[in-house]
Amino acid sequence: MAIITLTTDLGDKDFYQAALKGSILSLLPAVSLIDITHNISAFNISEAAFVLKNAFPYFPKNSVHLIGIDSVYNQNTRYLAIRYRDHFFVGSDNGIFSLLFEEDPQEIVELHIMQDLKFLHFPLTDIFAKAATHLAKGGKISEIGLPVSHVEEKMSLQPVIERDIIRGSVIYIDSFQNVITNITKDLFTRVQRNRNFALFFRRNESITQLSWHYNEVPEGEKLCLFGISNYLEIAINKGNASGLLGLNLGDIVRIEFYSEKNV
Amino acid sequence: MAIITLTTDLGDKDFYQAALKGSILSLLPAVSLIDITHNISAFNISEAAFVLKNAFPYFPKNSVHLIGIDSVYNQNTRYLAIRYRDHFFVGSDNGIFSLLFEEDPQEIVELHIMQDLKFLHFPLTDIFAKAATHLAKGGKISEIGLPVSHVEEKMSLQPVIERDIIRGSVIYIDSFQNVITNITKDLFTRVQRNRNFALFFRRNESITQLSWHYNEVPEGEKLCLFGISNYLEIAINKGNASGLLGLNLGDIVRIEFYSEKNV
Amino acid sequence: MAIITLTTDLGDKDFYQAALKGSILSLLPAVSLIDITHNISAFNISEAAFVLKNAFPYFPKNSVHLIGIDSVYNQNTRYLAIRYRDHFFVGSDNGIFSLLFEEDPQEIVELHIMQDLKFLHFPLTDIFAKAATHLAKGGKISEIGLPVSHVEEKMSLQPVIERDIIRGSVIYIDSFQNVITNITKDLFTRVQRNRNFALFFRRNESITQLSWHYNEVPEGEKLCLFGISNYLEIAINKGNASGLLGLNLGDIVRIEFYSEKNV
Numbered sequence: 001m002a003i004i005t006l007t008t009d010l011g012d013k014d015f016y017q018a019a020l021k022g023s024i025l026s027l028l029p030a031v032s033l034i035d036i037t038h039n040i041s042a043f044n045i046s047e048a049a050f051v052l053k054n055a056f057p058y059f060p061k062n063s064v065h066l067i068g069i070d071s072v073y074n075q076n077t078r079y080l081a082i083r084y085r086d087h088f089f090v091g092s093d094n095g096i097f098s099l100l101f102e103e104d105p106q107e108i109v110e111l112h113i114m115q116d117l118k119f120l121h122f123p124l125t126d127i128f129a130k131a132a133t134h135l136a137k138g139g140k141i142s143e144i145g146l147p148v149s150h151v152e153e154k155m156s157l158q159p160v161i162e163r164d165i166i167r168g169s170v171i172y173i174d175s176f177q178n179v180i181t182n183i184t185k186d187l188f189t190r191v192q193r194n195r196n197f198a199l200f201f202r203r204n205e206s207i208t209q210l211s212w213h214y215n216e217v218p219e220g221e222k223l224c225l226f227g228i229s230n231y232l233e234i235a236i237n238k239g240n241a242s243g244l245l246g247l248n249l250g251d252i253v254r255i256e257f258y259s260e261k262n263v
Numbered sequence: 001m002a003i004i005t006l007t008t009d010l011g012d013k014d015f016y017q018a019a020l021k022g023s024i025l026s027l028l029p030a031v032s033l034i035d036i037t038h039n040i041s042a043f044n045i046s047e048a049a050f051v052l053k054n055a056f057p058y059f060p061k062n063s064v065h066l067i068g069i070d071s072v073y074n075q076n077t078r079y080l081a082i083r084y085r086d087h088f089f090v091g092s093d094n095g096i097f098s099l100l101f102e103e104d105p106q107e108i109v110e111l112h113i114m115q116d117l118k119f120l121h122f123p124l125t126d127i128f129a130k131a132a133t134h135l136a137k138g139g140k141i142s143e144i145g146l147p148v149s150h151v152e153e154k155m156s157l158q159p160v161i162e163r164d165i166i167r168g169s170v171i172y173i174d175s176f177q178n179v180i181t182n183i184t185k186d187l188f189t190r191v192q193r194n195r196n197f198a199l200f201f202r203r204n205e206s207i208t209q210l211s212w213h214y215n216e217v218p219e220g221e222k223l224c225l226f227g228i229s230n231y232l233e234i235a236i237n238k239g240n241a242s243g244l245l246g247l248n249l250g251d252i253v254r255i256e257f258y259s260e261k262n263v
Numbered sequence: 001m002a003i004i005t006l007t008t009d010l011g012d013k014d015f016y017q018a019a020l021k022g023s024i025l026s027l028l029p030a031v032s033l034i035d036i037t038h039n040i041s042a043f044n045i046s047e048a049a050f051v052l053k054n055a056f057p058y059f060p061k062n063s064v065h066l067i068g069i070d071s072v073y074n075q076n077t078r079y080l081a082i083r084y085r086d087h088f089f090v091g092s093d094n095g096i097f098s099l100l101f102e103e104d105p106q107e108i109v110e111l112h113i114m115q116d117l118k119f120l121h122f123p124l125t126d127i128f129a130k131a132a133t134h135l136a137k138g139g140k141i142s143e144i145g146l147p148v149s150h151v152e153e154k155m156s157l158q159p160v161i162e163r164d165i166i167r168g169s170v171i172y173i174d175s176f177q178n179v180i181t182n183i184t185k186d187l188f189t190r191v192q193r194n195r196n197f198a199l200f201f202r203r204n205e206s207i208t209q210l211s212w213h214y215n216e217v218p219e220g221e222k223l224c225l226f227g228i229s230n231y232l233e234i235a236i237n238k239g240n241a242s243g244l245l246g247l248n249l250g251d252i253v254r255i256e257f258y259s260e261k262n263v
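Residue numbers (the working numbering), protein chains in the order written: chain G, 1 to 263; chain S, 1 to 263; chain V, 1 to 263.
Possibly wrong hints are sitting among the right ones.
No distinction is drawn between identical chains; accordingly, a pair holds when it is met within one copy or between any pair of copies.
Said to hold, decoys possible - Listed next, the in silico BS3-like pairs over lysine-lysine satisfying Cα-Cα at most 27 angstroms (straight line): (1) 53 - 130; (2) 238 - 13; (3) 13 - 53; (4) 118 - 130.
Worth flagging that the hints you see were computed from the coordinates, not collected in a lab.
Just so you know, these numbers come straight off a predicted model, no measurement behind them.
Just chain G, with the same shape it has in the complex (with noise of 0.2 angstroms):
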């Protein structure tokens, strides 16, 4: 069965999630509606992106992901719909494709829209509902769309390297409250070099072991590991590392390499 997962910031109190699998439903019966979350921070792209970037592959290639967020109709919106590692996106043009994607798209289209925009009140019904399950039935996205070359672009906060320094910066905390920054394991194996490290936040804390697992030290104690998301990851094991530790989004952290002999 065809599988079409739904990321927006439409919660899970009102109608307009509830109205946004009604319509994908009429147009495809048969279909396995997967909700990613409906809880992404009101117009937070960002987080969003974060989310739907670590759970997207997890899904079978030629899944549909629908992205609702902050995609009222303006003048310079467009709508696109994307292949990009054999899974298809459809969402607003607000610059989350460059926070998803590591690399160029497979396909870009932008959707024709039929109807009067005027009256075009909530996109996601009316638009992307029949975009997604035009894909979602097997159908070319060259059909729903016209070429675009590229997506907007929106800056997110990288890590900066010198020498043997990386800084980077808390862009998530979880609901265990884990804390989690921008630090890829690529980049922390590339500049580790194997030597030793020590992980500084806040004004005097400090990490110097990386972990496998949350339960390799004490409960209550702190520690530093690469999770399922594959950025570095500071937490408490059996607690709550944001609260504790006063760990907060876009929080910088600090890591020193240094040479076996020194450490």
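Use these hints to put chains S and V onto chain G, whose structure you have.
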């Protein structure tokens, strides 16, 4: 695949929602179970009616909409199955149906109850799941109950029109904190007759322009529009209208219409 | 269609829940994925056991129930698949199964783990999804692990009976703020032997009548009943019993039984 939607106040944490879904799947494994929401405020049939009224038309005809709000058994309780605009509804006759429907339903039956009512602890699994799956399978509504002429009436606050003034009230605050009133587009258009208007609320706030989209005003500015709910809505572009404007459920709003030359 | 239910503490906001669903759908696209809940308090296996114990019997036989709580790998961790009352359960052997089952399961196996455990960051997608889909497809439990004789025991607080008194405790507060104790209907009936009783809690509160339904007392009045959970429950008709009566998790309640003439 047959569709059964669920609108309840059971929340997303206890086992009640799962018990309902398990009961339905035990009777009809090949069903598309769609959550409208389980986060209706406890016992709040007005809120449930608002959400479902706006959501159900997006679903295909013959969808079954199960309503699990305020359904505890007592001697005066009637459990109903209803056909309305070629959709099916199953729930308790607690007044919600009069809030949900704008015209007389096509069919109403009071559900047969085959068990000792003393032991009827959870009508959603015991009664509603059976009725909903019967209808989802294409069974006749007349096979599960006896005809009833009308549903329990519950009064809802209606707007009042005095010559060139509409007085309405706030009936819903959505999760973006948009403020939704009980003034429909039809009523507004009928009284407006192409004249200018001013929408007044709180002490000194007013809006004199109708927007088509949330983003027609600068971010942080207030606006009013007919959103996807088809009711007049007061919003702030990317902001919290309820909080910032101090508008809460039940608050009064007033629209005055002017002949063009007076404005 | 095969059913896999999910009971986790992953929340409704991060990508973890979606990663689990994507993993399952990649292995078995034609599956009915049902959320029991993802809102179990972090690491709370007692809460998860209570919810799933009350939910699973509503599902059809041969349903697979995946439990994603407290499953981080360590040297002593065993991951199990279990057949119990013709349902299947997959999860970590952290004590939850002893809380979930009332008699010995039909089969228990310790799951084969084919990968380097160092890199096992998310057993839910790596191990549990494989086991659950194998079972959902009708595969034998003996094909995915080696037999194990018993599950890890975790003690739960049991009611104490002293002659004509039952001392129990509060084990769950639901989202309506109903207060659920660990006193089952069986135990109550066995000790009661048709006598009158008084249920005492907090300092001076007591209830001497067993209700069948929440609405047998006036709105705002307290009552006790055996609800759908089959445990003795203290509630307020349409009110917040936990808050208004000051009853919290772990609090003690006492039932005294009287011969008829003494009352």
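When no copy is specified for residue 53 and residue 130, does a C-alpha distance of 27 angstroms or less occur within a copy, between copies, both, or neither?
both (23 angstroms within a copy, 23 angstroms between copies)
Using 27 angstroms as the alpha-carbon threshold, which applies to residue 13 and residue 53: within, between, both, or neither?
both (25 angstroms within a copy, 14 angstroms between copies)
Please work out whether the CA atoms of residue 118 and residue 130 approach to 27 angstroms or closer within one copy, between two copies, in both situations, or in neither?
within (19 angstroms within a copy, 44 angstroms between copies)
Intra- versus inter-subunit Cα pairing at 27 angstroms for residue 238 with residue 13:
between (30 angstroms within a copy, 19 angstroms between copies)
Violation of the numbered hints given earlier is absent; every hint is satisfied by the structure.
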